[in-house]
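Number of protein chains: 2
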Amino acid sequence: MATSSRLVTSLRRISTPRVAPSFQRFRFRPANQIRWITAASSEPHQPDADGTVKGAPAPAKTIAFTSEKYDVQRDSKYAQLSEDHVKYFQELLGSESAVVDGVSKDATEDIEPFNSDWMRKYRGHTKLVLKPQTKEEVSKILKYCNDNMLAVVPQGGNTGLVGGSVPVFDEIVINLQKMNKIRSFDDVSGVLVADAGVILEVADNFLAEHNAIFPLDLGAKGSCQIGGNVSTNAGGLRLLRYGSLHGNVLGIEAVLPDGRIIEDLSKLRKNNTGYDLKQLFIGGEGTIGIITGVSILCPQRSPAVNVAYFALESYEQVQKAFKEAKGQLSEILSAFELMDGRTQRIVHDVTGKKMPLDGDHPFYVLIETSGSNADHDSEKLQAFLEHVMETEIVSDGVLAQDQTQIQELWSCREGVTECLGHWGGTYKYDLSIPIAEMYQVVNDLRDRLTEAGLLGKEDSPVIDVVGYGHMGDANIHLNIPVRGYDKKIEKLLEPWVFEWVQKRNGSISAEHGLGISKKPFIGYSRTETMLGLMRQIKDTYDPNGIMNPYKYI
Amino acid sequence: MATSSRLVTSLRRISTPRVAPSFQRFRFRPANQIRWITAASSEPHQPDADGTVKGAPAPAKTIAFTSEKYDVQRDSKYAQLSEDHVKYFQELLGSESAVVDGVSKDATEDIEPFNSDWMRKYRGHTKLVLKPQTKEEVSKILKYCNDNMLAVVPQGGNTGLVGGSVPVFDEIVINLQKMNKIRSFDDVSGVLVADAGVILEVADNFLAEHNAIFPLDLGAKGSCQIGGNVSTNAGGLRLLRYGSLHGNVLGIEAVLPDGRIIEDLSKLRKNNTGYDLKQLFIGGEGTIGIITGVSILCPQRSPAVNVAYFALESYEQVQKAFKEAKGQLSEILSAFELMDGRTQRIVHDVTGKKMPLDGDHPFYVLIETSGSNADHDSEKLQAFLEHVMETEIVSDGVLAQDQTQIQELWSCREGVTECLGHWGGTYKYDLSIPIAEMYQVVNDLRDRLTEAGLLGKEDSPVIDVVGYGHMGDANIHLNIPVRGYDKKIEKLLEPWVFEWVQKRNGSISAEHGLGISKKPFIGYSRTETMLGLMRQIKDTYDPNGIMNPYKYI
Chain A
1 MATSSRLVTS LRRISTPRVA PSFQRFRFRP ANQIRWITAA SSEPHQPDAD
51 GTVKGAPAPA KTIAFTSEKY DVQRDSKYAQ LSEDHVKYFQ ELLGSESAVV
101 DGVSKDATED IEPFNSDWMR KYRGHTKLVL KPQTKEEVSK ILKYCNDNML
151 AVVPQGGNTG LVGGSVPVFD EIVINLQKMN KIRSFDDVSG VLVADAGVIL
201 EVADNFLAEH NAIFPLDLGA KGSCQIGGNV STNAGGLRLL RYGSLHGNVL
251 GIEAVLPDGR IIEDLSKLRK NNTGYDLKQL FIGGEGTIGI ITGVSILCPQ
301 RSPAVNVAYF ALESYEQVQK AFKEAKGQLS EILSAFELMD GRTQRIVHDV
351 TGKKMPLDGD HPFYVLIETS GSNADHDSEK LQAFLEHVME TEIVSDGVLA
401 QDQTQIQELW SCREGVTECL GHWGGTYKYD LSIPIAEMYQ VVNDLRDRLT
451 EAGLLGKEDS PVIDVVGYGH MGDANIHLNI PVRGYDKKIE KLLEPWVFEW
501 VQKRNGSISA EHGLGISKKP FIGYSRTETM LGLMRQIKDT YDPNGIMNPY
551 KYI
Chain B
1 MATSSRLVTS LRRISTPRVA PSFQRFRFRP ANQIRWITAA SSEPHQPDAD
51 GTVKGAPAPA KTIAFTSEKY DVQRDSKYAQ LSEDHVKYFQ ELLGSESAVV
101 DGVSKDATED IEPFNSDWMR KYRGHTKLVL KPQTKEEVSK ILKYCNDNML
151 AVVPQGGNTG LVGGSVPVFD EIVINLQKMN KIRSFDDVSG VLVADAGVIL
201 EVADNFLAEH NAIFPLDLGA KGSCQIGGNV STNAGGLRLL RYGSLHGNVL
251 GIEAVLPDGR IIEDLSKLRK NNTGYDLKQL FIGGEGTIGI ITGVSILCPQ
301 RSPAVNVAYF ALESYEQVQK AFKEAKGQLS EILSAFELMD GRTQRIVHDV
351 TGKKMPLDGD HPFYVLIETS GSNADHDSEK LQAFLEHVME TEIVSDGVLA
401 QDQTQIQELW SCREGVTECL GHWGGTYKYD LSIPIAEMYQ VVNDLRDRLT
451 EAGLLGKEDS PVIDVVGYGH MGDANIHLNI PVRGYDKKIE KLLEPWVFEW
501 VQKRNGSISA EHGLGISKKP FIGYSRTETM LGLMRQIKDT YDPNGIMNPY
551 KYI
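Keeping their order, the protein sequence lines are chains A and B.
Just so you know, the UniProt record's numbering puts 250 at position 250 of the first sequence, and the rest follows in order with no gaps.
Just so you know, the UniProt record's numbering puts 194 at position 194 of the second sequence, and the rest follows in order with no gaps.
Pulled out of the complex, with its shape left as it was, chain A reads as follows:
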């Protein structure tokens, strides 16, 4: 791991490892140690690979039904599931473990994990879960459902944040967990071909053995599946460096509602022969077909990783630092994460942990570099840090000396979400906003809640308004920790936040997708023309509307 003996004095603050055990850096965790640390959601509970929730405080049946919470009516065009339907699927899939049948018998306990999500926020009424093993089985299932007007919901690791992979009513769950084979890896081209149900961490560990890296990383990697990642166009921690899945996915294998199989597992970086249809499935959230396989370009794994953490006195300085980092660190910059001072104070207050830097500063930034030569990278990072210190862009900083300190610094960023939940609840928004104005939403909302008398006193219902996130991707997590959920607060938040974002041509869902929770608000980020064109796509490819209904657009 990267070390450097030539650090500026002021950056040598960390001389001995001070690991707070509750804030380990999970990107380096062993394969069997799974923990949720996605930026916008570090809820403590999580499903394991087959969808069950461990350590949940209450059984799934206590979760409110999505249909009631979102006031949705079942569309009567869909058929009701019968025992005949189940019989067809049992014969088709053969093995008993491939069908969880709650139609001809009571299977509530077995089915509940597939009916709800790990956040305990969404809950459906499904009575049938199917676990196909081949694309042909998926094809036959979908054709049958399409012919019989049976609605379905594709489900991967069920780790989404917007309710996209959980049924609303009695949609049949088509779970991809049994399609979990890595099909091939070419270590010359770096192209991986794998089943959709391969768990992200399994793929990444496999690639590590071949000195390659999956171009996507996120906190849910121990449970989420690559097919789900592609279907939701997951963003995550490596986007700044490796770009989005729209650029990295080379091909897909997918099944359309009418059973037709798209065989497009291209291993080619270039293929200009017609519309790039796979792109519609990337981020299509299972609404026009089910992805059963993915081919993806995987970069070489970087042997050298450096992490620095520093304080800045204004958002203008943060922007300057980002520009300098892009210029000077350029090809080795792999993360530029922003945390405002309030988030760091909360981490300190809640955990009692000593922070890497003394004093209170309005902004903190964590920088990570990943490259092929540790000495070169350290030298670049050091030159960058010297420059930003000398020009007073940065007022103080530390540079990790070893793996332990790297984890320590990352914990200041990754521990934020967990600490925010300390007082009872947190309203969370995952926003893309052009960088220049990105942080302003935090100040404006703080003013708004203060003026309304909901923030500022010792017993105010709102604890604070904070902002942090992937600065490099112009993606901010606007969080409002509160003593409890309260309609009065909610009325001040929505649609105000969405309107604020719309005025700046931002996105109301940067990386989490639409699912059921953002569906009503898509108009804030897309024009009526765009929505019309999207509906045409949906109607063209899924004319019966059996795919993941009540969601998306």
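It is possible that part of the hints are untrue.
The list treats identical chains as interchangeable, and a pair is accepted whether it falls inside one copy or across any two copies.
[What the hints assert, rightly or not] In silico DSSO-like cross-links for lysine-lysine, where the CA-CA straight-line distance does not exceed 27 Å:
#	residue 1	residue 2
1	Lys353	Lys488
2	Lys503	Lys181
3	Lys503	Lys519
4	Lys61	Lys178
5	Lys87	Lys135
6	Lys323	Lys181
7	Lys503	Lys135
8	Lys61	Lys487
9	Lys143	Lys538
10	Lys143	Lys181
In short, the hints are calculated from the structure, not lab data.
Please arrange chain B on chain A, whose structure you already have, making use of the hints.
Just chain B, lined up with the frame of chain A:
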């Protein structure tokens, strides 16, 4: 520019600049010096910014009509242009220069440049050219055409290689050259927003002033327009490093055939709100709408560039070298270009130029690195070269010491296409093939032509079969220099080449697109299911079929 004083002895061969004036490296040419050097087409003639051809050996009217060459019939569903139509457009666009009217008067001379391409390969019968200045004008033009069943062909710099931007019959040419403004650049986020008609080189020069780089580069940069680049999903020289336009284009502004305007000039890296429709326009070749604006993520410009050129004894060694380059040069590798020994011998024979390395070797590779620190990059490249020399992956090599030598080495790659035309003609294929088998197509075709008695003797009609191209993108240019075009040869080439590529799941058009020339062969790279889905897209968005007819799918 990069220099290194610590080179291994065997890599010091180039000690003084030896520039062959006819082979300058054009990526560094001044803005007003335009030359065609795309990998698959270095034909000497070119259109300037307004579509006229300079230095053409014969007037455009001697070019064979595409309709005859490809035996296409005019679709009678399209209306014939009348003087009333022209009057409408004249009133709409106002300025005289915006309408080239060959309907109500003879305007052959003015219109011919828009009716044919710079390769003198495609020629249409248009009688009307429109040059709108705003998206609203484009919208009104298309709506009128759609309502009146008038077919159109969108045209950018008209630099395509497959006849996509040239009319076949009397389609109205909608030329984007008057929409040529750079709208904004944010030097924090690196997002450029510009009109579709901005010339690539103008955009890149503008970005250079802001220390950024357009993520696409190609030989036609002095004439091609960024809207056309996006519409054809151009590949080019920077793809290995910066990825494809599917990853870099953040948003588009486009007009649909019915006049609806898509306002999606997103400046956001992340926006997961619905189907990513812009992707259909990237590489859509103007068949579902006209792109009028583009927003695109532009990386920082690298201050350090190094180039090395070396010889290898087998294609296996080339693959090993590529793998090592990816591993050791990793984040700074910006080109890995393959040239077989025959191409280098031809360059030597045709130009009389002394090649950088002595002796005959079966393969040569050109490597370029681009990074933020010249010393670091030189050190990495040197370590890599020492390794590949010591392990005998590479048998000989040189490393450029200055800008002149960089150009000299690039000329060995970029001069290939021009030299291949020396004997009379060249059959050219632009193929994507998985790297392991990529070069085999050259050997197999050579055997085939030799067995048929067309190659191998002093007076054989086929001079040679050679391969070169973008190894890093698995993109090979299979070229067959001949004494003259000959049906006997053609029968041995097609469909054999396409079948060969199909068997390896390759692409018959890596970066050049379909246009009219590849349309008949798309079935070799796409399944019937995919084609069906593509036709559904076309029918959905362009139900009257007025957009760029007779082409694509």
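Tested hints:
For the identical chains of this complex, Lys353 and Lys488 are neighbours neither inside a copy (34 Å) nor across copies (80 Å), given an alpha-carbon limit of 27 Å. In the homo-oligomer, the alpha carbons of Lys503 and Lys181 lie at most 27 Å apart only across protomers (24 Å), although the nearest pairing inside one protomer, at 45 Å, exceeds that limit. Taking the shortest Cα distances, Lys503 and Lys519 sit within 27 Å of each other inside one copy (19 Å), while across copies they are farther apart (43 Å). For the identical chains of this complex, Lys61 and Lys178 are intra-copy neighbours only, at 26 Å inside a copy versus 63 Å across copies, given an alpha-carbon limit of 27 Å.
When the C-alpha separation of Lys87 and Lys135 is checked against a cutoff of 27 Å, the pair qualifies only within one copy, where the shortest distance is 20 Å, while the shortest distance between copies is 57 Å. In the homo-oligomer, the alpha carbons of Lys323 and Lys181 lie at most 27 Å apart only across protomers (25 Å), although the nearest pairing inside one protomer, at 42 Å, exceeds that limit. Taking identical chains as interchangeable, the C-alpha atoms of Lys503 and Lys135 lie at most 27 Å apart only when they sit on different chains, with a minimum of 22 Å there against 44 Å within one chain. Only within a single protomer do Lys61 and Lys487 lie at most 27 Å apart by alpha-carbon distance; the minimum there is 25 Å, versus 74 Å between protomers.
For a Cα distance limit of 27 Å, the shortest separation of Lys143 from Lys538 qualifies both inside one copy, at 17 Å, and across copies, at 24 Å. Proximity of Lys143 to Lys181 under the C-alpha cut-off of 27 Å is restricted to the intra-copy arrangement: shortest distance 24 Å within a copy versus 50 Å between copies.
Hint 1 alone, counting from the list given before, is not met by this structure.
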